[in-house]
Amino acid sequence: MRVRQGGHDVPKKDVTRRYERGLKNFFNLYEGLSHDVDIYNNTEGLMIPVASKSSVTPTVYLVYDETVWDEMIGKAGK
6 MRVRQGGHDV PKKDVTRRYE RGLKNFFNLY EGLSHDVDIY NNTEGLMIPV
56 ASKSSVTPTV YLVYDETVWD EMIGKAGK
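So for the sequence shown, my numbering puts the first residue at 6; every next one is plus one.
Hints in this document: simulated from the structure, not taken from any laboratory. Backbone N, C-alpha and C define an ideal beta-carbon position, used for all residues, glycine too. Keep in mind that a hint or two might mislead.
Keeping only pairs whose Cα atoms sit at most 25 Å apart, straight-line, the calculated SDA-like set for lysine to any residue is [claimed, not checked]:
#, residue 1, residue 2
1, Lys83, Val61
2, Lys17, Thr48
3, Lys58, Leu28
4, Lys58, Asn47
5, Lys83, Thr21
6, Lys80, His40
7, Lys80, Ser59
8, Lys17, Gly79
9, Lys18, Glu76
10, Lys83, Tyr66
11, Lys18, Leu51
12, Lys29, Lys83
13, Lys58, Val73
14, Lys80, Asn47
15, Lys83, Leu38
16, Lys80, Leu67
17, Lys18, Ala81
18, Lys80, Glu36
19, Lys18, Glu49
20, Lys80, Tyr69
21, Lys29, Ser39
22, Lys83, Leu34
23, Lys83, Leu28
24, Lys80, Ser57
25, Lys83, Ser57
26, Lys17, Glu49
27, Lys29, Lys80
28, Lys18, Gly50
29, Lys80, Val15
30, Lys58, Ile44
31, Lys83, Tyr69
32, Lys18, Leu28
33, Lys17, Tyr45
34, Lys17, Pro54
35, Lys58, Asp70
36, Lys58, Met77
37, Lys29, Ser57
So the derived label-pair ranges between C-beta atoms look like this [claimed, not checked]:
#, residue 1, residue 2, range
38, His40, Asp14, 31 to 39 Å
39, Leu67, Lys29, 17 to 25 Å
40, Ser60, Lys18, 33 to 41 Å
Take these sequences, add in the hints, and give me the full structure.
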């Protein structure tokens, strides 16, 4: 998709590495700075809700897609 839109190709290993690093950074550094969190899976071009958290219940995520959520948590080392 990216190349078709005039961008450059990013090797799959780089995408995987950046994704895992991004998850670790989010859960270890940025999550605590966020009042509200909405996480979406857009790997197929659609925005599918995965999980959300609000300032009303800051320690509890409402999980919509447990399979993707568990994979994310695993890759983040949580």
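Structure-based check of each hint:
1. The hinted pair formed by Lys83 and Val61 meets the criterion: a straight-line CA distance of about 22 Å does not exceed 25 Å.
2. For the proposed pair Lys17 and Thr48, the alpha carbon gap of about 13 Å is at most 25 Å, so the pair holds.
3. At roughly 16 Å between alpha-carbon atoms, Lys58 and Leu28 fall within 25 Å of each other, so this suggested pair holds.
4. Of the pairs offered as hints, the one joining Lys58 and Asn47 holds, with about 18 Å between alpha carbons and a cut-off of 25 Å not exceeded.
5. For the given pair, Lys83 sits about 18 Å from Thr21 by alpha-carbon distance, which is consistent with the 25 Å threshold.
6. For the proposed pair Lys80 and His40, the alpha carbon gap of about 23 Å is at most 25 Å, so the pair holds.
7. Among the hinted pairs, Lys80 with Ser59 is consistent with the structure: their alpha-carbon atoms are about 23 Å apart, no more than 25 Å.
8. Between Lys17 and Gly79, the direct Cα distance comes to roughly 19 Å. Compliance with the 25 Å bound is thereby established for this hinted pair.
9. At most 25 Å may separate the alpha-carbon atoms for a hinted pair to count; Lys18 and Glu76 meet this at roughly 17 Å.
10. Pair hint Lys83 plus Tyr66 holds up; C-alpha atoms about 14 Å apart against a cutoff of 25 Å.
11. Among the hinted pairs, Lys18 with Leu51 is consistent with the structure: their alpha-carbon atoms are about 23 Å apart, no more than 25 Å.
12. For a cut-off of 25 Å, the pair hint linking Lys29 to Lys83 stands: about 9 Å separates their Cα positions.
13. A C-alpha spacing of about 16 Å is found between Lys58 and Val73, which places the hinted pair at or below 25 Å, so the restraint holds.
14. A C-alpha spacing of about 17 Å is found between Lys80 and Asn47, which places the hinted pair at or below 25 Å, so the restraint holds.
15. At roughly 18 Å between alpha-carbon atoms, Lys83 and Leu38 fall within 25 Å of each other, so this suggested pair holds.
16. The straight-line distance between the Cα atoms of Lys80 and Leu67 is roughly 19 Å, inside the 25 Å bound, and the hint therefore holds.
17. Our distance criterion of 25 Å between C-alpha atoms is met by Lys18 and Ala81, whose separation comes to about 17 Å.
18. For the proposed pair Lys80 and Glu36, the alpha carbon gap of about 15 Å is at most 25 Å, so the pair holds.
19. Between Lys18 and Glu49, the direct Cα distance comes to roughly 18 Å. Compliance with the 25 Å bound is thereby established for this hinted pair.
20. Distance hint between Lys80 and Tyr69 is fulfilled; the C-alpha atoms sit about 18 Å from each other, no more than 25 Å.
21. A hinted pair counts as satisfied when its Cα atoms are at most 25 Å apart, and Lys29 with Ser39 qualifies at roughly 15 Å.
22. Among the hinted pairs, Lys83 with Leu34 is consistent with the structure: their alpha-carbon atoms are about 13 Å apart, no more than 25 Å.
23. A distance of roughly 10 Å separates the Cα atoms of Lys83 and Leu28; the hinted pair therefore holds under the 25 Å criterion.
24. For the suggested pair Lys80 and Ser57, the alpha carbons sit about 18 Å apart, so the restraint of at most 25 Å is met.
25. This hinted pair checks out: Lys83 and Ser57 have alpha carbons roughly 17 Å apart, not beyond 25 Å.
26. At roughly 15 Å between alpha-carbon atoms, Lys17 and Glu49 fall within 25 Å of each other, so this suggested pair holds.
27. A threshold of 25 Å between alpha carbons decides the hint, and for Lys29 with Lys80 the separation of about 8 Å falls inside it, so the pair holds.
28. At most 25 Å may separate the alpha-carbon atoms for a hinted pair to count; Lys18 and Gly50 meet this at roughly 20 Å.
29. Restraint check for Lys80 and Val15: satisfied, since their Cα atoms lie roughly 20 Å apart, inside the 25 Å limit.
30. Our distance criterion of 25 Å between C-alpha atoms is met by Lys58 and Ile44, whose separation comes to about 9 Å.
31. At roughly 18 Å between alpha-carbon atoms, Lys83 and Tyr69 fall within 25 Å of each other, so this suggested pair holds.
32. Using a Cα cut-off of 25 Å, the hinted pair Lys18 and Leu28 holds, with the two alpha carbons roughly 15 Å apart.
33. Note on Lys17 and Tyr45: the hinted pairing holds, with a Cα-Cα distance of about 20 Å set against a maximum of 25 Å.
34. Annotation: proposed proximity of Lys17 to Pro54 holds, straight-line Cα distance about 23 Å (limit 25 Å).
35. In summary, the hint linking Lys58 to Asp70 is supported, as the alpha carbons are separated by about 14 Å, within the 25 Å threshold.
36. This hinted pair checks out: Lys58 and Met77 have alpha carbons roughly 15 Å apart, not beyond 25 Å.
37. With a C-alpha separation of about 17 Å, the suggested pair Lys29 and Ser57 falls inside the 25 Å cut-off, and the hint holds.
38. A hinted range of 31 to 39 Å for the beta carbons of His40 and Asp14 is consistent with their spacing of about 37 Å.
39. At about 22 Å, the CB distance of Leu67 to Lys29 agrees with the hint of 17 to 25 Å.
40. Range check, Ser60 to Lys18: Cβ separation about 37 Å, and the 33 to 41 Å hint holds.
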